[in-house]
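Undergrad: Order-wise, the sequence lines are chains A and B.
Quick note: the first sequence uses the numbering used here, first residue 19, plus one each step.
Quick note: the second sequence uses the numbering used here, first residue 285, plus one each step.
It is worth saying that the hints were derived from the structure and are not from the lab.
Given the structure is predicted, the values throughout are model-derived calculations rather than measurements.
Treat the hints with care, as some may be off.
[Claimed, not checked] Keeping only pairs whose Cα atoms sit at most 27 Å apart, straight-line, the calculated BS3-like set for lysine-lysine is:
| no. | chain 1 | residue 1 | chain 2 | residue 2 |
| --- | --- | --- | --- | --- |
| 1 | A | 114 | B | 368 |
| 2 | B | 368 | B | 322 |
| 3 | A | 49 | B | 368 |
| 4 | A | 114 | B | 322 |
| 5 | A | 49 | B | 322 |
| 6 | B | 322 | A | 103 |
| 7 | A | 49 | A | 103 |
| 8 | B | 368 | A | 103 |
| 9 | A | 103 | A | 114 |
| 10 | A | 49 | A | 114 |
Spelled out from the first residue to the last, the chains are:
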Amino acid sequence: MTFENLIPLSINIGYIFLSVALIASLYRLVKGPANVDRIIALDLIAGLAIAISVLLSIQTGQSVYLNVSLCLAIIAFLSTVAFAKRLERRPQEIWK
Amino acid sequence: MEIVIALLILCGSAFAAIAAIGTIRLPDPLSRMHAATKAGSFGAALLLAAAALLYRETAVIIECLLIIGLFYFTAPIAAHLLGKIIASSMRQRCTTNEAPPSNISINQ
Numbered sequence: 019m020t021f022e023n024l025i026p027l028s029i030n031i032g033y034i035f036l037s038v039a040l041i042a043s044l045y046r047l048v049k050g051p052a053n054v055d056r057i058i059a060l061d062l063i064a065g066l067a068i069a070i071s072v073l074l075s076i077q078t079g080q081s082v083y084l085n086v087s088l089c090l091a092i093i094a095f096l097s098t099v100a101f102a103k104r105l106e107r108r109p110q111e112i113w114k
Numbered sequence: 285m286e287i288v289i290a291l292l293i294l295c296g297s298a299f300a301a302i303a304a305i306g307t308i309r310l311p312d313p314l315s316r317m318h319a320a321t322k323a324g325s326f327g328a329a330l331l332l333a334a335a336a337l338l339y340r341e342t343a344v345i346i347e348c349l350l351i352i353g354l355f356y357f358t359a360p361i362a363a364h365l366l367g368k369i370i371a372s373s374m375r376q377r378c379t380t381n382e383a384p385p386s387n388i389s390i391n392q
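Just chain B, same shape as in the assembly:
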């Protein structure tokens, strides 16, 4: 059981680190949001699973499941709101033939 808990802790924190590295490395806001939302919430869910396996009490397990459920219900809603405003502003810039935003460049 210790091996499983240690593996869950390592994988969870590695997923969180991968999310942050993706936030640095990816070129535009939509792909940065893709990295931060999915990998970040999966890392936190793995850490909460490790905590639930470690304590093994009913109240703590229910609380961990509650936090995981809250994360997986609210992260897509927030990402959908942000993606909606990014996509609508990009579409407006395309239809009005405006120049692309100069501060959005590839590989910065």
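With the rest of the complex left out, here is chain A:
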């Protein structure tokens, strides 16, 4: 028994999982009752984009896609901190 089809199969299953996760967090981003929920959903979406670019790097064999995920990690952290600072200055917008 050979295992050469194992990695492409698991990559496809992983794409399905990550698409379900993206749709779920997009639902939370649109519906989310508070603004804090939307920030949390945006943070999760950035993490899922990092995971998708890592999967793309594994699938195509190009290690350049890892640079994309490095930049996305930095930008996601900075945007979350910026949104949190904005909400800290305007507390009336937290539960809207």
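Mind docking chain B on chain A? Use the hints.
TA: Here is chain B on its own, set in the frame of chain A:
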């Protein structure tokens, strides 16, 4: 080695999916943040470990470790900032005897 890599890919994407499902199902913002922060970064770390095992070059392994370290340093800081503003606004609502926010309800 292929089995380990495939298992890491499956576990990582399953953890990311569990994080998103927890973001949908959990009742209030603090527990949603608990689900999204921990499980999401662990899923991404497992996928990066799979990439490092697949390439087996020094530069790629160092880059994967760098991304994992960045994730695990920055995710708690962002979650701490968000949790601080949620907790302080909840405390203000409790001390001023205000009505609880009407758009935060259980099981929605």
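Undergrad: With reference to the structure, classify each hint as holding or not holding.
TA: Here is what the structure says about each hint:
{"no.": "1", "hint": "A:114 to B:368", "result": "holds, 17 Å"}
{"no.": "2", "hint": "B:368 to B:322", "result": "holds, 17 Å"}
{"no.": "3", "hint": "A:49 to B:368", "result": "holds, 23 Å"}
{"no.": "4", "hint": "A:114 to B:322", "result": "holds, 25 Å"}
{"no.": "5", "hint": "A:49 to B:322", "result": "holds, 22 Å"}
{"no.": "6", "hint": "B:322 to A:103", "result": "holds, 22 Å"}
{"no.": "7", "hint": "A:49 to A:103", "result": "holds, 22 Å"}
{"no.": "8", "hint": "B:368 to A:103", "result": "holds, 11 Å"}
{"no.": "9", "hint": "A:103 to A:114", "result": "holds, 16 Å"}
{"no.": "10", "hint": "A:49 to A:114", "result": "holds, 12 Å"}
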